[in-house]
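Chains as they are written, first to last, in our numbering: chain A, 2 to 183; chain B, 2 to 183.
The set of hints was computed from the structure by calculation and includes no laboratory data. Careful: at least some of the hints might be erroneous.
Which copy? The list can't say, so a pair holds if one copy fits it or any two copies do.
Said to hold, decoys possible - Cross-link-like lysine-lysine pairs, in silico, DSS-like; alpha carbons within 25 Å at most:
| no. | residue 1 | residue 2 |
| --- | --- | --- |
| 1 | Lys150 | Lys20 |
| 2 | Lys94 | Lys74 |
| 3 | Lys74 | Lys105 |
| 4 | Lys59 | Lys31 |
| 5 | Lys94 | Lys59 |
Protein chains: 2
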Amino acid sequence: MIEVEVKAKIESFEEIEEKLSQLGAVKTKKEFQEDIYFNSPIVDFAQTDEALRIRTTKEDEDTKIFITYKGPKIDKSSKTRKEIEMEIEDSEKCADIFKEIGFKQVRAVRKNRQYYAYENFEISLDDVEGLEPYMEIEIGLEDGEDYSKAQNKIFELFEKLGITEGFERTSYLELLENLYNI
Amino acid sequence: MIEVEVKAKIESFEEIEEKLSQLGAVKTKKEFQEDIYFNSPIVDFAQTDEALRIRTTKEDEDTKIFITYKGPKIDKSSKTRKEIEMEIEDSEKCADIFKEIGFKQVRAVRKNRQYYAYENFEISLDDVEGLEPYMEIEIGLEDGEDYSKAQNKIFELFEKLGITEGFERTSYLELLENLYNI
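So that you can see chain A by itself, here it is in the shape it has in the complex (with noise of 0.2 Å):
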């Protein structure tokens, strides 16, 4: 699966909220996620531009947890890229497997995501703990499918919604590891 993803700072969430709300995008479900990030033993995965996380997601009393790999970003202006997910039992072993193959624990992201569908597109309100308000629309492809018209869409969407700027490519982890340099 080919994950096509722009992400965007914002103003605020109500300005944004409002205009997707004109535009008929349907706010969907609201969850916590903690993201738990791990380094491989064999390549910096910050220079390898992948990443490997644990999340868990939180939505009213249902919790879920997820491994994801993603590969390296395959454009220069969007965030696609190859993404593997699959739900698993349990966290703590999981980490506790990925100790033991080598992996290094790293970062954990905590963000509040409220997620509206719109056409095609998810579109994602991110308040992450530590960073000022992001959006990002995505739209997910099947292996083989053209990407680059997907992104022009996501881009077009940006445009409607008023954001023209303040496009970022770098992860939540990359800006929190910047910001706070550990």
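With chain A held as given, fit chain B onto it using these hints.
Just chain B now, with coordinates in the frame of chain A:
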């Protein structure tokens, strides 16, 4: 979780099944297990005596998938070792993630396993593709519990079943690799 486990080659399943039933052991589930093993990019698990695998189990129509990590054996007579196992959603996605983070798929081990329960023992009769009949007796210990007592109890149970030789610390994976030289 520490897994205290002893394996032995046996003459025939029928003979042991009869003895188990005389002893009052209870036949529990029978399942097909396929284990796909992976090797590490930083160490050779055959040398460090570790294992990382994806296990798919099939019991009637019920399929489950697990990641299992096994640490090095911690004594010379049994297969006592740290084991971490957690259920996952999908074996292909998992194999894909393992490969992306540098692990190499080695061999698959397939077997039909008949489980028996007796006191706090878990007994497995293993019909492994490509190998002669084996059985395993296992006791699960919480971290910190003494394993030598558990180990003695396991050897006593083997004796009750008439088995005093044929003990094997080598994994099915290695037995198959030795036989088929891959």
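Against the structure, the hints come out as follows:
no., hint, in the structure
1, Lys150 x Lys20, "within (23 Å within a copy, 68 Å between copies)"
2, Lys94 x Lys74, "between (29 Å within a copy, 19 Å between copies)"
3, Lys74 x Lys105, "both (22 Å within a copy, 23 Å between copies)"
4, Lys59 x Lys31, "within (9 Å within a copy, 36 Å between copies)"
5, Lys94 x Lys59, "both (18 Å within a copy, 23 Å between copies)"
Taken one by one, the earlier hints all hold for this structure without exception.
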